[in-house]
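Got chain Z; can you put chain Y on it based on the hints?
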Amino acid sequence: MNIVVCIKQVPGTTEVKIDPQTNTLVREGVEGIVNPFDTYALEEGVRLKERFGGVVTVVSMGPPQAEAALREAISVGADQAILLSDRAFAGSDTLATAYVLSRAIARIGDYDLVICGKQTLDGDTGQVGPELAQRLGIPFVAYVSKVEAIQDGQMRVQRLIEEGHELMEAPLPCVMSVVKEINVPRLPSLRGMMRAKGAQIPVWTARDLDIEADRVGVAGSPTRVIRVFFPQRTRKSQMLEGTAESQVEQLVERLRETKLI
Amino acid sequence: MGCLSVMHYFLNEQQRMIKGLARRIAEERIMPVRAELDEREEFPWDVMKELAEADLFRIFIPEAYGGLGGGCLDLCVAVEELSRGCCGIAVSYAASSLGSIALIEYGTEEQRQKYLPDIASGAKLAAFALTESMAGSDAAAIRTTAVRDGENYILNGTKQFITNGGEAELYTIIALTDPAKGARGASAILVEKGTPGFTFGKKERKMGIRASTTRELVFHNCRVPRQNLLGREGSGFIITLKTLDRSRPGVGAQAVGLAQGALEAAVAYARERHQFGQPISSFQAIQHMLADMATQVEAARALVYAVARAIDTGVKDYTEAAAMAKLFASDMAMRVTTDAVQIFGGVGYMRDYPVEKMMRDAKITQIYEGTNQVLRNTIALELLKRKAKPE
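Which chain is which? The protein sequence lines are Z and Y, in order.
To convert, count from 1 in the first sequence and add 1033; that's the numbering used here.
To convert, count from 1 in the second sequence and add 20; that's the numbering used here.
Chain Z extracted, bound-state conformation:
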């Protein structure tokens, strides 16, 4: 059971600045952490490896400092890590990112399962997982909250949906995204940290991955961020008067008028 876990380094603070030129996050000088949702993906990967054997490979696309996130992944049980880093990748949107990840996973080759967090803390789109599955041409299962069984090339999982849980089967290989209900990520161990410190983390560039230049970076990203702003909160309040009964009637009336009910 070989597993690939995709992780992203995100700013470890909510006080991020936005570059006024590009409308993207300013990442320089901000301490990076592993995207919290990805820590559940990583933990699940390590647990499945402990149950079924195999190798957990962690990949991350990002600037050179994203290596720290990969070392942290090794300290909590990943076997190996690969950094996908190239100036050409800068400014990639989810489509371009999914493309780069798919090239890397294709290069890794021998995999049964790809796990992602349900979304990142900074971009919040939740698009990379499904786009990655599409690129790899394999099924995608979103919001997995429990892996019930894996046998005979099939995976049976519970996924969290608004109404409750959905039980689903998917053939392997596939891509799944996980929610935080799936596990409690372990803390690193001292031996894991020592292993992480000494680990060789290869860097794969656009050339290594046979990447078509116009499909990555700003050129390969159809998404444009036009403006980033805090939504204005407007509140209008109105006091209802009268008996409790008439207040309820008035309230229902208003809600109907505004089509809230």
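Treat the hints as calculated values from the structure; they're not laboratory data.
Do not rely on the hints blindly, as some may be mistaken.
Examples of chain Y residues lying across from chain Z (beta carbon under 8 Å, computed) [said to hold, decoys possible]:
1. Met37
2. Ile45
3. Glu73
4. Leu88
Model, not experiment: these values are computed from the prediction.
Just so you know, even glycine gets a beta-carbon here, dropped at the ideal spot from N, CA and C.
Structure of chain Y alone, referenced to chain Z:
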């Protein structure tokens, strides 16, 4: 969370790693449960499992037996950070180290191979048993006997106030193999939990460190094989002194961590608590208390680290220094935690806030592993002995 320590102690990479990880465990896994464990007097098995998985029990075990071969300072930084979260939990961890010292220092290759890997992995806890009802500070007054009978020792007697009693799987027992010789007839013997004739008394109800377990160990015609003797017959008292010398900096580290936690809580509270229209941290009376607390914590930390380092560099006789580290740090912790309660005022006295627990926990550090009065005797004795010699 930022550390309020202003000093740089030039910890090596492994020590920084240990400190960082122990701090994370304290903040993420210990602080959320400490009040409840204290209230329920419940042994922290879940946290012990976390510590085991994080390899913290490997720190004090030699590499040959699955450990990391860390020194006294490595253990001290771990204990300090855990104590910053909860002293009761930290002592349960530290007691396993205390229970392993004699085995590591005096055990045969066979004994070490048999027991140390499980202690390193955290699968088993260890404990050390010296104290009896009539033998506290007067340790030479112990009455538990271990009489030779062919290939066995037969143990009889009762040990009191044993940390990890009942929870640990392996016990280093100090007992008289030759009662006629008194202290010179004492020996250190390994006894496993579950040995027939070895039972536990009731769990003590304590003032502080209530997440830790303290019990009596009762031996009634308990037979253990001769191979369980540590060192030679009659060396039990020397082993005891060396064991306590070695572990005292760790008690100092407990006190430092505990006081650090109290200081941080007091600083945070002084900033947010408003009286007379301003934060109480703006009052000089509070500022001076905080300044004194911070200075004392740092002085104790510097002493504990210095002594631990001296031990790690191979100093032979460190009885006096180890006693100083424990004495100074524990008296400091009692003062600092008491002042923290004072700064919190009325709510500090309430169990809804963490500082009253810290004050209760601090008291024991002045008592166990040598009361501070006995340690002053030890220090004075060494001091006067040394000064008596011509320079």
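These are the hints, each one checked on the structure:
no.	hint	verdict
1	Met37	holds, 5 Å
2	Ile45	holds, 6 Å
3	Glu73	holds, 6 Å
4	Leu88	holds, 6 Å
When held up to the earlier numbered hints, the structure conflicts with none and fits them all.
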